[in-house]
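As they're listed, the protein sequences go chains H and X. Under the working numbering, think of the first position of the first sequence as 1, with each following residue one higher. Under the working numbering, think of the first position of the second sequence as 1, with each following residue one higher.
Keep in mind the hints are simulated off the structure, nothing from the lab. Here the structure is a predicted model, which is why all the values come from computation and not from measurement. Built from N, CA and C at the ideal position, the CB exists for glycine as well. Hints may be right or wrong, so weigh each one.
What the hints assert, rightly or not - Calculated cross-link-like contacts (lysine to any residue; reagent style SDA-like; alpha-carbon spacing at most 20 Å):
(1) X/Lys78 to H/Thr234
(2) X/Lys204 to X/Ser149
(3) H/Lys43 to H/Phe33
(4) X/Lys199 to H/Ile27
(5) H/Lys40 to X/Lys204
(6) H/Lys40 to X/Asn175
(7) H/Lys40 to X/Glu89
(8) X/Lys76 to X/Leu39
(9) X/Lys204 to X/Ile146
(10) H/Lys43 to X/Tyr85
(11) H/Lys31 to X/Leu198
(12) H/Lys31 to X/Glu82
(13) H/Lys40 to X/Lys78
(14) X/Lys57 to X/Leu39
(15) X/Lys199 to X/Arg169
(16) H/Lys91 to H/Val144
(17) X/Lys52 to X/Arg169
(18) H/Lys40 to X/Lys26
(19) H/Lys59 to H/Thr234
(20) H/Lys31 to X/Leu14
(21) H/Lys40 to X/Glu130
(22) X/Lys193 to X/Asn175
(23) H/Lys84 to H/Lys43
(24) X/Lys26 to X/Lys57
(25) H/Lys230 to X/Lys78
(26) H/Lys40 to X/Pro190
(27) H/Lys31 to X/Gly132
(28) H/Lys40 to X/Ser149
(29) X/Lys26 to X/Thr115
(30) H/Lys231 to X/Ser8
(31) X/Lys78 to H/Lys59
Claimed, not checked - FRET-style restraints, in silico, Cβ to Cβ:
(32) X/Glu74 to H/Arg67: 29 to 37 Å
(33) X/Gln83 to H/Tyr226: 34 to 42 Å
(34) X/Ser73 to H/Arg67: 22 to 30 Å
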Amino acid sequence: MNKREGEGSSSKKAVSDANVNVSSPIIAAFKVFQQELDTKHDKYERLVKISRDITIESKRTIFLLHRVTSVPDVEGILSEADVKLDLVRQKIGLIADELRGEDIYQFHRAFTPGIQEYVEAVSFQHFIRHRSLISLEEINARLVFMRAEKENVKVPVEAAPGGTHVLTFQVTPSDYLLGVADLTGELMRLCISSVGNGDIDTPFQLSQFLRQIHDGFSYIGNTGPYEVSKKLHTLRQSLGKVEDACYTLRVRGSEIPKHMLADVFTSRNTIMDPEEGVV
Amino acid sequence: MSVTEMFSYIQGFLSADQDVREDIRKVVQTLEQTAREILTVLQSVHQPTGFKEIPSKCTKARELFCTVRTQLSELKTKFPVEQYYRFHEHWRFVLQRLTFLAAFVVYLESETLVTREDAAQILGIEVVREKGFHLDIEDYLAGILIMASELSRLAVNSVTAGDYTRPIRISNFINELDSGFRLLNLKNDPLRKRYDGLKYDVKKIEEVVYDLSIRGLAKEAETEANK
Numbered sequence: 001m002n003k004r005e006g007e008g009s010s011s012k013k014a015v016s017d018a019n020v021n022v023s024s025p026i027i028a029a030f031k032v033f034q035q036e037l038d039t040k041h042d043k044y045e046r047l048v049k050i051s052r053d054i055t056i057e058s059k060r061t062i063f064l065l066h067r068v069t070s071v072p073d074v075e076g077i078l079s080e081a082d083v084k085l086d087l088v089r090q091k092i093g094l095i096a097d098e099l100r101g102e103d104i105y106q107f108h109r110a111f112t113p114g115i116q117e118y119v120e121a122v123s124f125q126h127f128i129r130h131r132s133l134i135s136l137e138e139i140n141a142r143l144v145f146m147r148a149e150k151e152n153v154k155v156p157v158e159a160a161p162g163g164t165h166v167l168t169f170q171v172t173p174s175d176y177l178l179g180v181a182d183l184t185g186e187l188m189r190l191c192i193s194s195v196g197n198g199d200i201d202t203p204f205q206l207s208q209f210l211r212q213i214h215d216g217f218s219y220i221g222n223t224g225p226y227e228v229s230k231k232l233h234t235l236r237q238s239l240g241k242v243e244d245a246c247y248t249l250r251v252r253g254s255e256i257p258k259h260m261l262a263d264v265f266t267s268r269n270t271i272m273d274p275e276e277g278v279v
Numbered sequence: 001m002s003v004t005e006m007f008s009y010i011q012g013f014l015s016a017d018q019d020v021r022e023d024i025r026k027v028v029q030t031l032e033q034t035a036r037e038i039l040t041v042l043q044s045v046h047q048p049t050g051f052k053e054i055p056s057k058c059t060k061a062r063e064l065f066c067t068v069r070t071q072l073s074e075l076k077t078k079f080p081v082e083q084y085y086r087f088h089e090h091w092r093f094v095l096q097r098l099t100f101l102a103a104f105v106v107y108l109e110s111e112t113l114v115t116r117e118d119a120a121q122i123l124g125i126e127v128v129r130e131k132g133f134h135l136d137i138e139d140y141l142a143g144i145l146i147m148a149s150e151l152s153r154l155a156v157n158s159v160t161a162g163d164y165t166r167p168i169r170i171s172n173f174i175n176e177l178d179s180g181f182r183l184l185n186l187k188n189d190p191l192r193k194r195y196d197g198l199k200y201d202v203k204k205i206e207e208v209v210y211d212l213s214i215r216g217l218a219k220e221a222e223t224e225a226n227k
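Throw the hints in and build the complete structure from the sequences for me.
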C-alpha cells in the first residue's frame, strides 16, 4: 500500500508543489494539523508500548502463581507475586501520567489489553490468597499514585497536602469484566494441575467459584460489550472441564477403600451434593 | 463483596451505559435527518439551472444549520462532557457529514477552505477538547475529504452547464488541499483510507481541465470574463 502511494505521489508532487503557494493559509493550517496529529499518534504509541509491558509482566506473574500447586511455600510465591504486581502498578502509573488531562476513552484502545491482563493477574492472586473475587473498588484503590507537584495538572488530579498530587487510574467496568472472564481460564488450569498434584480440595472450591462467575456472566448476558459474549463461550468450556474433573474425582472417590472414603466424605459432603444434580 | 453482588453492580453500570447510548442514538437520528435535508438543498447546485442559484441555496443551507446547532446542543446534554470519546462512535459519522456540508457551503460562497474554527462555529461546537463538545481533528479532515470528491463532481457538472472557469479554480483549490494533506503523517486508519481516494478526485479534475484547455475552452472563457 505504501509503495503504491509513494509511486503515485512522487511524480505529481513536483508538479503541484510548484504552483502551490507554500505560505498559503491552507498549507499553514495543515502544518498545525500535522503537529496535532503527530502528538496524538506519539502518545498513542507510547501507551501501546506501556500496555505491552504490562501484559508481559502480568503474564509472568500468572505463570509464577501457577506454581503454588507444586510448592509447599505458598506464602513465599504470593509475596513474590506482590513484588511483581507492584512493578506492574508502577507501569500503570505511567499510563496515568500520560492520560493526565486527557479523555481516557480517547486512548482507551491503546491500553485496554494490558489492563485486562493486569486485572487477570491481580484477581488470580487474590483468589489464591482469599478464595474470593476481588472487587472493582479493591483494584482501583491500589491504583493511586503520588506524584510530585507539577504545573498544569488537570481533571483526574486532586490536590493533596505536602506538595504532592494524587493521581488515580480507574479500571473501567468492562475492562474488569473482560479480565475476570480471562481469570476463569487460569482457574481451570489451576484446577487441572491441582488434581495432578493429588489435591482434591481445590477442584471443588474452584468449581463452585467458577459456577458463581458463570452465573454472573449469564446474568449480564448481552448487555455487556461485544467481547463478553465471545468470552462467555470459552468460560462455558472452562467450567465444563472443571466440572468433569470434579465428577471424575467423585467417581474415583467411591473406589477408595471404605475407611478412607469416610474421611473423604466428611470433609466434602456439602460441596459435592449440589454437584450431582448438575453433572 | 460476593461474586453475585459484584456482578449485579457491574450489570447496573452496564445498563446505565446503555440508557445513555440509547438517548444519544435518538438525537443523532434527528441530526442525520437534518444533514440529509441540507445535502438535498446543496445537491441542486449540480443541476444546470442550479449554478445561478448558488447564493440562495447557501442561505437556505445556513438556515438549516440553525437546526443543527440546537440539535447538537441537545446532544451535549445527554452525557458527561469528559466522556466525549467514550460515545464518539455514535456521532462520528454524522459529524463528518456535517463538516463536509459546512465546508461545501463555505466553498460555494467564498471558494476558500473552511477553517476548523469556522466549521466548529457553524455547527455551534468547540474546537479544543477542554472547552466541551468539540470537533475532532480527524473528523474535520474526513469532512474536508468528502468535500473534495463532491468538488470533483461539481467540476464535471459545471462544464456541462457551460461554466468553463470554475473547473480551473476547483483544480487549483484541490491541488492545494492535496499538498496540504501530504504534509500529514497518517496512520493506517479510516482517515488514511479516505485520503487514498483524494488522488482520484485530483486526477478527475485534472482531466476536466485538460479537456477544456486542449479545446481552447478555458482560454475562451477567460477572455470572455475579461471583457
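Evaluated hints:
1. X/Lys78 to H/Thr234: Violated, at about 36 Å.
2. X/Lys204 to X/Ser149: 9 Å, holds
3. H/Lys43 to H/Phe33: Roughly 15 Å separates the two Cα atoms, so the pair holds.
4. X/Lys199 to H/Ile27: OK: X/Lys199 and H/Ile27 at ~17 Å, within 20 Å.
5. H/Lys40 to X/Lys204: With Cα atoms ~33 Å apart, H/Lys40 and X/Lys204 exceed 20 Å; violated.
6. H/Lys40 to X/Asn175: 26 Å, violated
7. H/Lys40 to X/Glu89: 18 Å, holds
8. X/Lys76 to X/Leu39: 23 Å, violated
9. X/Lys204 to X/Ile146: Given that 20 Å is the threshold and the Cα spacing comes to 15 Å, the pair holds.
10. H/Lys43 to X/Tyr85: Given pair H/Lys43, X/Tyr85 holds - Cα atoms ~16 Å apart, limit 20 Å.
11. H/Lys31 to X/Leu198: 18 Å, holds
12. H/Lys31 to X/Glu82: Distance ~27 Å between H/Lys31 and X/Glu82 Cα, so the pair is violated.
13. H/Lys40 to X/Lys78: Judged against 20 Å, a Cα distance of about 27 Å means the pair is violated.
14. X/Lys57 to X/Leu39: 11 Å, holds
15. X/Lys199 to X/Arg169: 17 Å, holds
16. H/Lys91 to H/Val144: 12 Å, holds
17. X/Lys52 to X/Arg169: Given pair X/Lys52, X/Arg169 holds - Cα atoms ~17 Å apart, limit 20 Å.
18. H/Lys40 to X/Lys26: 31 Å, violated
19. H/Lys59 to H/Thr234: Cα-Cα ~19 Å, so holds.
20. H/Lys31 to X/Leu14: Violated: H/Lys31 and X/Leu14 sit about 41 Å apart, past 20 Å.
21. H/Lys40 to X/Glu130: 15 Å, holds
22. X/Lys193 to X/Asn175: Holds, because 19 Å separates the two Cα atoms, which is no more than 20 Å.
23. H/Lys84 to H/Lys43: With Cα atoms ~26 Å apart, H/Lys84 and H/Lys43 exceed 20 Å; violated.
24. X/Lys26 to X/Lys57: 28 Å, violated
25. H/Lys230 to X/Lys78: Outside the cut-off at roughly 30 Å; violated.
26. H/Lys40 to X/Pro190: 16 Å, holds
27. H/Lys31 to X/Gly132: Violated. H/Lys31 to X/Gly132 sits at ~24 Å, over the 20 Å cutoff.
28. H/Lys40 to X/Ser149: Since the Cα atoms of H/Lys40 and X/Ser149 sit roughly 27 Å apart, the hinted pair is violated (cutoff 20 Å).
29. X/Lys26 to X/Thr115: At roughly 29 Å apart (the allowed maximum being 20 Å), X/Thr115 and X/Lys26 break the hint.
30. H/Lys231 to X/Ser8: 18 Å, holds
31. X/Lys78 to H/Lys59: 39 Å, violated
32. X/Glu74 to H/Arg67: 29 to 37 Å: The hinted range 29 to 37 Å is violated for X/Glu74 and H/Arg67, with Cβ atoms some 57 Å apart.
33. X/Gln83 to H/Tyr226: 34 to 42 Å: 19 Å, violated
34. X/Ser73 to H/Arg67: 22 to 30 Å: 58 Å, violated
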